[in-house]
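Please model the entire structure based on the sequences and the hints provided.
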Amino acid sequence: MPTPGFSTPTIEYAKVAPLLIVFGVAILSVLVEAFLPRRTRYTAQVILSLAALVAALVSTIGLAGSKLLAAEGAIAVDGFTLFLWGTILVLSIVSLLLVAERSVDGGVTAFAGQAAALPGTEAEREALARRLEQTEVFPLFLFAVGGMLLFPAANDLLMMFVALEVLSLPLYLLCGLARRRRLLSQEAAMKYFLLGAFASAFFLYGMALLYGYAGTVSFTGIAAAIGGKVGVDGLLLGGTALIAVGLLFKIGAAPFHMWTPDVYQGAPTAITAFMAACTKIAAIGALLRLFYVALGAARWDWQPMIWVVAILTMGVGAVLALTQSDIKRMLAYSSIAHAGFLLVGFVGVRNDIGINTSAILFYLAAYGFATVGAFAVVTLVRDASGEATHLSRWVGLGKRAPLVAGVMALFLLAFAGIPLTSGFMGKWAVFSAAWQGGAWPLVVVGVVASVVAAFFYVRVIVLMFFNEPAAEGPTVAVPSMFTSVAVAIGVAATVVLGLMPEPLLQLAARASQLAG
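All residue numbers for the sequence shown refer to our numbering, where the first residue is 3 and numbers rise by one.
No lab work stands behind these hints: they were computed from the structure.
These numbers come from a predicted model, not from an experiment.
Hints may contain errors.
Said to hold, decoys possible - Label-pair restraints from in silico Cβ distances:
{"#": "1", "residue 1": "Leu120", "residue 2": "Leu22", "range": "48 to 56 Å"}
{"#": "2", "residue 1": "Ser434", "residue 2": "Met260", "range": "27 to 35 Å"}
{"#": "3", "residue 1": "Arg127", "residue 2": "Met260", "range": "27 to 35 Å"}
{"#": "4", "residue 1": "Trp302", "residue 2": "Glu167", "range": "52 to 60 Å"}
{"#": "5", "residue 1": "Pro505", "residue 2": "Leu120", "range": "50 to 58 Å"}
All C-beta atoms in this analysis are idealised placements derived from N, C-alpha and C, irrespective of residue type, glycine included.
What follows is the structure, given as structure tokens:
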């Protein structure tokens, strides 16, 4: 009997170089953690992580103009992927600066000195006394970034599920590593892990149903199977709905948003900023690729579901944010509302997907910079217990620290969509594209939700600038160059994209077509 031949898979290493760089350095970072002396780990890890992200960004820029299916069709390297890779890498670099910050917390990072030590035990007190630092956060951070890069580039369901788990598992750990308020941080990590596991199970079950329907996990194969059949199929509808649950969970869309406020509040603020910006970008990218490459022919079957989710998400985010008294929880519900605004652009497609996709890409970039900048400011307002996140502690901040309060006000105005900020241009682009696509009822709901949301943003500005500061108010920490650069980048992006959005809009337009 002749032995059947084995066909060696072809991997276009140069085309997936950004992924290889990030994952390769993440593995190297684990070895650094294992073999370098403790006193040198922090410096080595910061340099190594920054170098990896910058090298991956340079490699991404070098791939401009590429459009192919790499790794036997499992990874799509096209303009859409490269735009998202560039955005995620830039925001990851900014987030890494917050992770590496030491000055605002007395010369140590914001992460637990010994993750295995139970809160309140002698082991934890000893770790605090010895000023230990948890530098394992850097390889975990890089693995999460690698998963985020792979997620929107995945061109089959199996690769997308692997990417989902690779980005999620490190985040579950990072959420539970706060140096202060450790019980709250560990509670956040546990909630995120349990609900994330349920969401992954939904995704996996939906993947199995779609495989049963199409006989393949390839997006191209699924699209061909849908195009070749007439009528509605239960496996297709069930699989689409279950996979949607897993992806909508990641972007914090209602009713799958329950984890967002608690996790955003309990996680270390640098990780909250990273999740709020980069995870949403990766998940929206994956949602677009799956639903418009693999499931585009069944659009009229799944669009009503997304319409309902978009309306619910905007309503829940805008209304519940009004009742929040914690700045991080308020920003969490703001993030939920913004997920709803993005879904307006996602479903408002009729003939030209490129118009809506380019609007969404611009919105993601604008929102990401403002989000990281806002959470960076949150890390600076402190009292004896650490970050002063209760809104009552922000009263009169404009008179105590006008520069910090002014920067925060700029980010809040961007979230509200006030003209001359990046947020206004992002909402204008998404709502205009959705209106042209015939989704005008969603645009009306989005405008109403934006008006409601503006109230709680303005409320914080009024608290900061139009009230007298308390006698025992919080202090504003003097950050190192790391946080200063992160805030400066956020401010610059928010202003420039508000005043001169055209270059990024044109870049997003060129990147709007998905390969498949």
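Status of the hints after comparison with the structure:
Range check, Leu120 to Leu22: about 38 Å between beta-carbon atoms, so the 48 to 56 Å window is missed. A hinted range of 27 to 35 Å for the beta carbons of Ser434 and Met260 is consistent with their spacing of about 32 Å. The given range of 27 to 35 Å is respected by Arg127 and Met260, whose C-beta atoms sit roughly 34 Å from each other. Restraint check, Trp302 to Glu167: a C-beta distance of roughly 31 Å breaks the suggested window 52 to 60 Å.
The given range of 50 to 58 Å is respected by Pro505 and Leu120, whose C-beta atoms sit roughly 51 Å from each other.
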